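J.: Place chain B on chain A using the hints.
Protein chains in written order, with this note's numbering: chain A, 1 to 332; chain B, 1 to 332.
In case anyone wonders, no lab produced these hints; they're calculated from the structure. Quick caveat: nothing in here was measured; it's all calculated off a predicted structure. Wrong hints could be hidden among the right ones.
Any copy, or any two copies together, can satisfy a pair, since identical chains are not distinguished.
Unchecked claim - Pairs of lysine-lysine, DSBU-like flavour, derived with a Cα cap of 35 Å:
#1 Lys107 x Lys18
#2 Lys201 x Lys13
#3 Lys143 x Lys107
#4 Lys141 x Lys166
#5 Lys198 x Lys141
#6 Lys295 x Lys331
#7 Lys298 x Lys107
There are 2 protein chains.
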Amino acid sequence: MEATQIVLASRPKGTPTKDNFRFENIALPALKEGEVLLEPVYASVDPYMRGRMSDAKSYVPPFQVNAPMEGGAVAKVLESKSELLRAGDMVLGALPWATKSIASAEKLQKIDASLAPSSYYLGILGMPGLTAYFGLLDIGKPKAGETVVVSGAAGAVGLVVGQLAKIQGCRVVGLAGSEEKVALLKAEFGYDEVINYKTTKDLDTALKAACPSGVDVYFDNVGGEITDAVIRNINFHARIVLCGQIALYNETAPSSGPRFLPMILTRSALIQGFIVSNYSERFPEGIQQLVKWVKEGKLHYQETILEGFDRLPEAFLGLFSGENKGKMLVKI
Amino acid sequence: MEATQIVLASRPKGTPTKDNFRFENIALPALKEGEVLLEPVYASVDPYMRGRMSDAKSYVPPFQVNAPMEGGAVAKVLESKSELLRAGDMVLGALPWATKSIASAEKLQKIDASLAPSSYYLGILGMPGLTAYFGLLDIGKPKAGETVVVSGAAGAVGLVVGQLAKIQGCRVVGLAGSEEKVALLKAEFGYDEVINYKTTKDLDTALKAACPSGVDVYFDNVGGEITDAVIRNINFHARIVLCGQIALYNETAPSSGPRFLPMILTRSALIQGFIVSNYSERFPEGIQQLVKWVKEGKLHYQETILEGFDRLPEAFLGLFSGENKGKMLVKI
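The shape of chain A in the complex, shown without the other chains (with noise of 0.2 Å):
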C-alpha cells in the first residue's frame, strides 16, 4: 500500500517555513494483528505543534527530524484486524501527516458523527474546546458581572472562551488581529468589546476603555505584549490562565519584556499555566457540557477549512501569521 506523508525535514530556527518539511512517498507494511487501516479525513494544526518542532524539554516529545509529524486527525477505517473497529468506523487519534497510515486500534478514539460533524472532535468538542472548558471554568473561575479579556479571540480556542465567558454572565473583551475578525466576534460570537492589536497604537488606553471596571479574568493565548497591557489592567484577586504564548513561540532567544510580578503581588493575582492533559480525567464532563451548550445553540463554533493534503504546511505556518478564523483544518 503506498502512501504520502510529510515529515520535518529540519528544525526551524525561528518561524517555521515551508522548507522545514517534506513530502515523501512511502510504502505501508501490512496490517498485524490488533491494526487498523486509517484514511485521514480531517487533519488539524495547533500552535504547540510548534514546540514539537524544536528539541526543547517541554510536556510532548519533540518530533524527530526526517520522521513525520503527527497531529490530531479524524480518519476513517480502510481495514481493520482489531475487533474494536471496523471499517466504515471514524475514528479520533493522533496520527503522522500521511495519506494513508496504519494505528493501533486501541489508541484511537471512536466518534460519533450523529452527534456533530466529524471535524468538530478536533475543535469545539475536542482539544481546543475542552481547553477552553477547563481553562476558563476551572481556573480563571468567572463570576458574573466579572469581565473576562481573552487575547488570541478569534482563534480555535478564544472563540469557545469568550462564549462560556458570556454563559457565566460576564463582560467579554477580545484581542485579534483584523477588521474582519473583530466585526465577527462582535456579531456572532457575542463578545462585547474586541481590539484590533495591530491597529490599535495605544492598547493601554484602549483595554482601560473596553474595561471600565479593571480585569478579573485573562485568559491568555498569545503572550508578548498583548499579555503586558492586560496585566498592568488586573484587578485584585485577578486570574490569569495561561493557555499559549503563539507569539513567543518563534523566538530564536527569550526576548525581554517589563517586570510584572510587582502587579501580580499588590493586586494578589494568580497566574497559572495549564495543558489540557491535565484534566484528562474530566474530559467525558466537559464533551458532554459542550455538545449540551451545541445543540441548544448556545455555542457557535467556526471553521477555517484548506482543502487537500499537500495544504498542511500552508495551514499550520498561517497560525502563525493569523490566517485563521476559529479552528483551522485541513481536508484531506
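T.: Relative to chain A, chain B alone:
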C-alpha cells in the same frame, strides 16, 4: 503630653533616603473615652512600607506626606480610658512612628508576654511568621522530598519559610546576600544549601547544582534576576509563592526582564501573589501552630534589633541593603 514623631517628609524617587523623613515634636491631646495612651517598646520595619511611601494604588493606602509613618509595634499601655485594656498591658497594633501615641483600644490586640518574648509578635508570631506559614503551606503546598527554594532566605519571612519546609520533609535551598548569612542559615536554620547571590556569577549553574531534582516550590521575597534564574529551573507543576519583590520596590519605572511565561505554561506552573491579610480569618490557627513549633524547639528565630527611636529610618533603609538577619526591629 509631649512626644516626638517621624513623618514622611517627601515621597522617595527610587531608593529612600534619610531626607524622606522628618522628626517633629508634637503635643498629644487628652484621652477620650475608649482610648489608651501608649509607649512603644518595639517598632517593626518591613519591606511593604516602601509601597506605602509612594502614592501608587496598592493593597494598603499610601502614607500621606507630612503625616507620621506607621507600622506594626508592640507597646505598653500607660493610661487607659477603655474597659478593654489596663495600664501595664502589652499590646500589638499599627501605630505611628512616635515616642508616645493615642489609639482606640478596639484596634489593639492584647498580647501574652508569658507565651513568648513580646518582640516575637512582630516576627515569628506576627505578620512575617503568618506570611511564611500561609504562603508556604497554603499556596506552596510542599510535599516531602520536594525541593523548596527561598529568596531573601535570611529575612524575617525567609527564615521561617525554610524551617517550615524542613518540617514538611523538603530539601531547602536559600538565596542570601552575605557569607555570614549563608553560614547562619546552614548552621542554625537547617537550610540544605544556600547560594550567596552577590558573589555567585552564574546563578543558573549554582541553582542547578543545589537543586539536582529541579525546583518544586519557589517562595519569592525578592524578584528580579534571582527570580529569573529560579524560574528557569522549575519542575512540572511548580508553585511560585509571590510574597515580596524587594529588588524592584525602589525602581522609578518598571524594568525589563526575560519573558518567562512560556516556562510557566509548559510546566503547568502556578504563580500566586498574596498578602497575609487575605488569611486574616485563619490567623488564630497559624499562631497556634507557630507557637507550638517554637515551644517544641522546631522553629528557631533571629532578630536584628537597633536601639533607639531615632534609628527607625536607619533600620528601615537597612532592609534594602540587606543589613538585617531575620526580623529587623527597633527597640524604642
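J.: Decide, hint by hint, whether the structure agrees.
T.: Verification of the hints:
1. When the C-alpha separation of Lys107 and Lys18 is checked against a cutoff of 35 Å, the pair qualifies only within one copy, where the shortest distance is 30 Å, while the shortest distance between copies is 69 Å.
2. Taking identical chains as interchangeable, the C-alpha atoms of Lys201 and Lys13 lie at most 35 Å apart whether they share a chain (29 Å) or sit on different chains (29 Å).
3. For a Cα distance limit of 35 Å, the shortest separation of Lys143 from Lys107 across copies, 34 Å, qualifies, whereas the shortest one inside one copy, 38 Å, does not.
4. Proximity of Lys141 and Lys166 under a CA criterion of 35 Å is satisfied in both settings, with 13 Å inside one chain copy and 33 Å between copies.
5. Proximity of Lys198 to Lys141 under the C-alpha cut-off of 35 Å is restricted to the intra-copy arrangement: shortest distance 29 Å within a copy versus 41 Å between copies.
6. In this assembly of identical chains, Lys295 and Lys331 lie within 35 Å of each other by CA distance solely inside one copy; the values are 24 Å within and 70 Å between copies.
7. For the homomeric pair Lys298 and Lys107, the shortest alpha-carbon distance inside one copy (32 Å) is at most 35 Å, but the shortest distance between copies (52 Å) is not.
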